[in-house]
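Here our numbering is used: position 10 in the sequence shown is 10, and no number is missing along the way.
These are computed hints drawn from the structure, not numbers from a lab. Here a beta-carbon is modelled for each residue, glycine too, at the ideal position from N, C-alpha and C. Where hints are given, some of them may not hold.
As the list claims (entries may be wrong) - Label-pair distances were calculated between CB atoms; the ranges are:
hint : residue 1 : residue 2 : range
1    : R36       : R5        : 36 to 46 Å
2    : D163      : D118      : 19 to 29 Å
3    : S63       : A21       : 19 to 29 Å
4    : D163      : D81       : 37 to 47 Å
5    : A134      : P13       : 29 to 39 Å
6    : L4        : G116      : 48 to 58 Å
7    : P108      : L4        : 22 to 32 Å
8    : R149      : L113      : 24 to 34 Å
9    : R146      : G82       : 32 to 42 Å
10   : L113      : G33       : 29 to 39 Å
11   : D30       : L113      : 47 to 57 Å
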Amino acid sequence: MRALRPNRVLDLPSGLWVLDAFQPVAAILDPDGTVRRLVSWPELPPALRIEPWPAPRVCSDGSGLWTQQQSSGPLVRVGVDGVTTTAWTGGLLLAACGPDVVWCGPEPRRQELVDGPDPHPAGGGGTDRLLRVAADGACASVFVDRPVRALSTDAQGLLVQVDLDGWTLEHLGAELCGDCSTSWPDPTRRSTRTSS
1 MRALRPNRVL DLPSGLWVLD AFQPVAAILD PDGTVRRLVS WPELPPALRI
51 EPWPAPRVCS DGSGLWTQQQ SSGPLVRVGV DGVTTTAWTG GLLLAACGPD
101 VVWCGPEPRR QELVDGPDPH PAGGGGTDRL LRVAADGACA SVFVDRPVRA
151 LSTDAQGLLV QVDLDGWTLE HLGAELCGDC STSWPDPTRR STRTSS
C-alpha cells in the first residue's frame, strides 16, 4: 500500500473528493479533513502514456464524478460505492458535465502546419457528433453541421463552440528556410547577439 498522491480535488455533496494522480482511487474527506472513505474504480483501464495529449479526463456532474482515460476506452461515472455507470463513446472524449449528465465530443483539433504557394489543410469541415450520457447510462447522439471546437456547460445548458469557416490560414511570422537566423538583445552588453 502507498500514500495517496493528490492530483485533483472535487467538492461534491458526499464530501471533498481528493483524486490520486496515478491510480483510479479517491479519498472522500469531511470538511475538517477526516477521511470518510476510499473509493476506487479499478475496472477502468489505465491511461495510455505513449502521448500525453489529450490527457485523461475527470469532471463532476454535481453528485458524482465522470472519468475517461482515452477516447478508445470507456466513460465511467463513479459514486461513493464505486462505478455506477459505464458507457462506450465510439471514440468521443469526455468534454463537459452538467447536472447528472455528461457530454462527449471529438478530440481537439491539432494545429496543422502547411507550406507552399497554395496551402490547404488536410482535413476539417463536415459534421461532428456529440454524445449525451445521463447518470442512468442513457445515451443520445447529437449531430452538429460544423466542426466542433469546444464544449462547456452553464446554468442554461450546453454551449457548443463551432468553426464557421471550416479553417483559417495564419502566418506564423517567419518564412521557412534552410538558412534562418535569430537575434535577441543581450541585457548585459546592450548589443545584439545573432545565432544561426
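Hint-by-hint comparison with the structure:
Restraint check, R36 to R5: a C-beta distance of roughly 19 Å breaks the suggested window 36 to 46 Å. A hinted range of 19 to 29 Å holds for the C-beta pair D163 and D118, which are about 21 Å apart. Under the hint 19 to 29 Å, the C-beta atoms of S63 and A21, about 24 Å apart, fit the expected range. A hinted range of 37 to 47 Å for the beta carbons of D163 and D81 is consistent with their spacing of about 41 Å.
The hinted window of 29 to 39 Å between A134 and P13 is violated, with their beta carbons roughly 18 Å apart. A hinted range of 48 to 58 Å for the beta carbons of L4 and G116 is consistent with their spacing of about 52 Å. For the pair P108 and L4, the supplied restraint of 22 to 32 Å holds, since their beta-carbon distance comes to about 30 Å. Separated by about 19 Å at the C-beta atoms, R149 and L113 break the suggested range of 24 to 34 Å.
Restraint check, R146 to G82: a C-beta distance of roughly 38 Å satisfies the suggested window 32 to 42 Å. Look at L113 against G33: about 49 Å separates their beta carbons, and that is not inside 29 to 39 Å. Distance hint check for D30 and L113: the Cβ-Cβ separation is about 51 Å, which falls inside the suggested range of 47 to 57 Å.
Violated hints, listed in ascending order, are 1, 5, 8 and 10; each of the other numbered hints is respected by the structure.
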